[in-house]
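For the sequence shown, the numbering used here assigns the number 1 to the initial residue and increments by one for each residue that follows.
It is possible that part of the hints are untrue.
What follows is a set of in silico ranges between Cβ atoms, one per label pair, in the way DEER data are often shown [what the hints assert, rightly or not]:
| hint | residue 1 | residue 2 | range |
| --- | --- | --- | --- |
| 1 | Ala-229 | Arg-128 | 21 to 29 angstroms |
| 2 | Phe-81 | Gln-46 | 17 to 25 angstroms |
| 3 | Lys-139 | Leu-104 | 40 to 48 angstroms |
| 4 | Leu-105 | Lys-139 | 22 to 30 angstroms |
| 5 | Gln-208 | Arg-74 | 38 to 46 angstroms |
| 6 | Phe-103 | Thr-173 | 42 to 50 angstroms |
| 7 | Lys-139 | Asn-204 | 41 to 49 angstroms |
| 8 | Leu-105 | Gly-32 | 29 to 37 angstroms |
| 9 | Lys-139 | Thr-173 | 18 to 26 angstroms |
These are computed hints drawn from the structure, not numbers from a lab.
Glycine included, each C-beta is placed from N, C-alpha and C at the ideal position.
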Amino acid sequence: MNSDNSTRQTIMITGASRGLGAALTLAFAAQGANLAICARHGDELQRVKEQAEHLGAEVLAVVANVAEPRDVERFIASVEFQFGAIDVLINNASILGPSPMPFLLDYPEEDFANVLKVNTLGPFLVTRRVIVGMLQRGKGSVINVTSEAGHTGYAGWGAYGISKFGLEGMTETWADEVSDTEVRVNMVDPGEMNTRMHELAVPNCDYQLAEPKDILDVFLYLASEKSIAVNGQRFQAQDFSA
């Protein structure tokens, strides 16, 4: 661990190569945090790393699939070696599944299983590994990125929506299990955004979308000491005001 970083927050963000994950990386870099980021797309991840470093942050970027236990262990062990404690975990990595999205009656089993593996099992694996250190230190914040499709069932949203329903239930379960500690687990619905995933999900979108960089206040809040007593809550990013 680099002792020069001992007073900085270390923020871990999964799925950081594009969209919301990239925007979060740059926002926390601008605040002077250490960044630990991962994604499956190495070239895009490297570009985000360089942009964050240009803002003065120290960044560890690891190509990893959060649905693979070996990748999760390799990533988190590398973070702990470089930065020590992980203060904030943002489980952002997710996949949409087939596009256009089929109704459940026609949903391929392999695709269905893969979406749940990345979007629900992945956050479980990462959180289970990271939260141990948070509990040992007596502090930490876990932020899960959910969706309206994980709060209300919509025809055609298939495995993606179901995976987010699972994530919301898991968030509430984690929160209840750590409720007598100083560790907190919350979730954020970012709303519809101008991202590659939204383009795949709604290819003929004819209405204005929020930019990821404009809906980050709730994440900054949940990563800060201001939210120390907030646990098990669901936030709408586009409606949030500190």
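These are the hints, each one checked on the structure:
| no. | hint | in the structure |
| --- | --- | --- |
| 1 | Ala-229 / Arg-128: 21 to 29 angstroms | holds (24 angstroms) |
| 2 | Phe-81 / Gln-46: 17 to 25 angstroms | holds (20 angstroms) |
| 3 | Lys-139 / Leu-104: 40 to 48 angstroms | holds (41 angstroms) |
| 4 | Leu-105 / Lys-139: 22 to 30 angstroms | violated (47 angstroms) |
| 5 | Gln-208 / Arg-74: 38 to 46 angstroms | holds (40 angstroms) |
| 6 | Phe-103 / Thr-173: 42 to 50 angstroms | violated (29 angstroms) |
| 7 | Lys-139 / Asn-204: 41 to 49 angstroms | holds (46 angstroms) |
| 8 | Leu-105 / Gly-32: 29 to 37 angstroms | violated (51 angstroms) |
| 9 | Lys-139 / Thr-173: 18 to 26 angstroms | holds (20 angstroms) |
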